[in-house]
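Engineer: Produce the complete structure using the sequences and hints provided.
Residue numbers (my numbering): 141 to 1263.
What the hints contain is simulated information worked out from the structure, not anything from laboratory work. Everything numeric in this text was worked out from a predicted model, so none of it was measured. Please note that the accuracy of each hint is not assured.
[Unchecked claim] Estimated spans, in silico, between C-beta atoms of each pair:
id, residue 1, residue 2, range
1, 626, 724, 24 to 30 Å
2, 674, 178, 31 to 37 Å
3, 482, 720, 45 to 51 Å
4, 849, 160, 21 to 27 Å
5, 684, 867, 28 to 34 Å
The beta carbon of each residue, even a glycine, is placed where N, CA and C say it ideally should be.
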Amino acid sequence: MEVALLSSIGLGPWCLRLVIELVWPLFLFFILVWVRSTNQPTYKGQCHYPNKPMPSAGVLPWLQGMVCNIQNPCVSQPTPGETPGQVNNFNNSILAKALIEVQSLLADSTFLSNLKLLSGDINQWASILQNSNPANGRSISLRSVLRDNETFSEYLRSNLSVPTQTAQRLTSMRVRLNQLPALSAETNLRTALCSSDSVDRYLEFNTTIQRQEFLNITCSLTPNQLLQTREVLIRNLDNRKLATALPLALNLNPAETAVLLAKTSTHAAPVTSTMLSAVNVLDFRSNPFGSLTLLMCGGDSGFNSTKSSNSSSGSNQGFRLPTQSTNALSVFCQNLVDVLKGTPSLRLFWTTLRPLLQGRVLYTPDTPFTRRVIAQSNSTFDALSKVEVLAETWLENEDEIWNFFKNSNQINSLRTILQNPLFVAALDQQLNRTSLSSALIANFLFNGDEKDRPVGMPSFDWRNIFNATSEAARFLKECFDLDKFEAISSESLLVQRAMKLLDEERFWVGVVFTDLDSPSLVRYKLRMDIEDTERTDKIKDRSWRPSARDNPYNDLRYVRGGFVYLQDMLDRGIIRTQTGVQQTLGVYTQQMPYPCYVDDAFVSSIATILPMFLVLAYMYMVCQTIKGLVLEKEMRLKEVLRVVGVRNGPLWFAWFTENMVLLTIPCALISVMVKYGKVLKYSDPTVIFVFLMVFCMATVMQCFFISVFFSRANLAAACGGLIYFLLYLPHVLCYAWRDVITFRAKLATSLLSCVAFGYGCENFARYEEQGVGIQWKNIGISSQEDDPYSFIVSIIMMLIDTLLYWILTWYIENVFPGQYGIPKPWYFPFTSSYWCGTPVGSYNEAEPLDALEGQNGYLEKASAGLKPGVSIRNLVKVYKTGKKLAVDKLSLDFYQDQITSFLGHNGAGKTTTMSILTGLFAPTSGTAYVNGFDIRTDMDSIRKTLGMCPQHNVLFNDLTVEEHIYFYARLKGCSSEEVKQEIDQMIKDVGLPHKRKELAKNLSGGMQRKLSVAIAFVGGSNVVILDEPTAGVDPYARRGIWELLLKYKKGQYRTVYQRLFVATDNIQTLLNLLKSKGVYLLFCCICIGRVKKWSQCITTIDCNLIYSDCPLYELRLPCRFTE
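Structural biologist: The following block contains the structure:
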């Protein structure tokens, strides 16, 4: 039976559904693979972290650690602090080197004398330059100051097209070096060198021809070419030759200048070397915080993201910022804080330094001992107070500093020297490998208005530095709160004070000393804002994923919030108070290095993406499966199959097998795609396939379960898909609460198969993150510590869900079959008759009809020897809708080898009675016995020998005529040979041999009716019930159907529910015809018997008959029956 059912369903050409169910999931996973290809994993190298100095390590290391570790940088090589015996990572910083250099210079007694000598050298140079008489200086040959391998001549020939001889003559002319300062960057070279009146001021020509050649060349060049020619000339000057010739050209004493130059170089060497090494890397103008990092930390700047976007404008150029009053300073501090908090790139910088700058430390109780401890702990801030003193010193002397840079002799002399092209050439060669140049130095010392600044120079000079330094000094003086410790009498008052400071963003930490009775043991606790400390209810993550806990904001809260700094200060203060010993040993914390790993953000999201994609991928299958299941009920196909003996098991198994076969191919392809598309590249594809197949099994059973609640196919498809998707949504909540949900809660929510599938996908994601993947060897091992919910538990729960959905489907369908079917009692699983069936040979005797015969004169007694095959006793059917009475206490018998016909008007209860006998409807009361089996309890046994032709054709549209007969014959248990013979005979009897291979949907209405009648007779049915078998059939076909009924009458119980229509003017003709055929008539369930008795009934009840020219055997009886 099952084989026949499966083969029949599989024959349907459901090409469209097959293609969609294959293509739609693959299309979604192609998208997933594409997304995967655009989100490649990042391969992270090993991470080493600089150590974090505590305040006990010293003020400078502590500040260096705060600034340099503000982003907790990760480096690929071991840091110096990881080396045994070395703790400080920042000894190579510029500031550290400068301090070491200053320390060594201060220890050297000759350093201060060198500074004085250098100052004297600058004054001597200024005096010599002022007393010199450049007008008496001598001219020198241009070739005498050019380098030996000069390229200036080649430039004249190649770039300016000057003939070789002319170029040689030009390089032999003499130059007045004392006049060259007039040819500064601001001078118009074309005006100065293209005029015969002015050219003699700078040059001496040997001949008139040489002079004319020079004028011709300079006048033919553009201003840009003249500027470029000057740059080439300056690059080709020899500094040594120039230094020798310069005193003569300026009318200076060569011996005196040589001695002074040597002394100046010696005295300036220690200072200039340090300055030049700093300017090589520092760029405070464009990257102040990066340069601050270089200054304090050394190495490459790590603050590119905090590069200042606000360049100095010309609004504060040329004047000094006014000194602000005390009230305005608080506004200044608040504005600065607002800028730091409002700039994303500076927010972390402010968060780190806020406690140091503005945070208050509250402590309780206020006792002499606690005050001594706090005094010792405050030593770090006492050292920082020296910086505040330095800021005050700057503010006190800022007028003198401003005047020095504005109009001192030394600075003015430097401005004058920087206008000399020869000096500029010599200086630029010295600064060739630095970021400085003579033009930048001159621009830095620029003293005029912004409109007079040289073109192309940045709007940044010494005044910007001065104003910024003054602002920083005022900030340190007014905004740097070093009086941090505040005594509070009790802890409750401390909390109140802390809440007030929190509102002002000035609270750092509260220190509560809890045990002061024992002097040898001091206990205290630190109370901080929850945003600045780690959560104390979370020890570690439940699931491990590759990555270091090195996020400076979330993972290092104890450092960022300053908890460890206060702990170090207090511990040091307690030790000093208790022992009286000033410990010099500092504390450094070192974060453990982390090995290389793969950072894959896509894999982290698989836990939510994969179940959602699978749910969407199977959505079409779910909707179509639910629709198909409900459509079978809606079209009564399922009940017709059950009428002919097919039980629910094979029907459900056929649907299950069909869907699993259709889903196997997508599951296999999806397994390959996610494996080799690198979605789950570490997992075993066979594990993935089994996991998907188990989910498909649970999904198909879930479709069965959803279908039992619907009776309309289209509504079921729409609502079923929505219900299926809604059953997935709990996993979204479970995933959000994954850190707090318990194992039992997981098991409870796993009773929804989509949630259990989501948990399995979470295991996939975690194992993929770990680079292991799900393998057969670890499916029973949970990826989370202390969590027994492993991958195999997810599979087991989906199998349990499959069984649970099937049990619920089986029970609900039997107890609440819907519109069609006889409901079983709620306790039917506990009855032996359901599991074992009715014992063979058990026969229920119906109550005799003698009592009814005495009450009804229209009931003819049966002939002797007739055995009842169907016995109806007091059958009542009341439809719940409208409380309509359809059958009222009907009692009668149908006998063997007889054709019994119901004759009555529409609504007389003919189809209702038939539906009750076949099990489509349950009786309201009363019962019926078919072959001795009660329709209330033994319907499965009755249907084994029952054939039926319903009122409306119930055919499979995609099966042929031959396949229909084969299918139903095999369901009745016929062998293949028997079925083959019966097919040929039955097709011939119904007159459809030419339509043998035609699909049922292509047959006409009459042919479909013939096929329905043929289906009712196949397989040797003992009882055949036909509901209007000739409805919609032409007269010729109608006669053929009646001939078929008479042919198969002998030896079978044939119960025919037939509405007869007559096509004759004489009813006696109809009576004679029916008499000759041996047909019993049931007339509106009032008159029962053969034709003679029926004729007497007609006469007695005085029924008005209306005749018409209808086909033969058609009798219209819109009668009004009255006693």
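Engineer: Give a verdict on every hint.
Structural biologist: Going down the list of hints, with the structure as the test:
no.: 1; hint: 626 / 724: 24 to 30 Å; in the structure: holds, 29 Å
no.: 2; hint: 674 / 178: 31 to 37 Å; in the structure: holds, 36 Å
no.: 3; hint: 482 / 720: 45 to 51 Å; in the structure: holds, 48 Å
no.: 4; hint: 849 / 160: 21 to 27 Å; in the structure: holds, 25 Å
no.: 5; hint: 684 / 867: 28 to 34 Å; in the structure: holds, 31 Å
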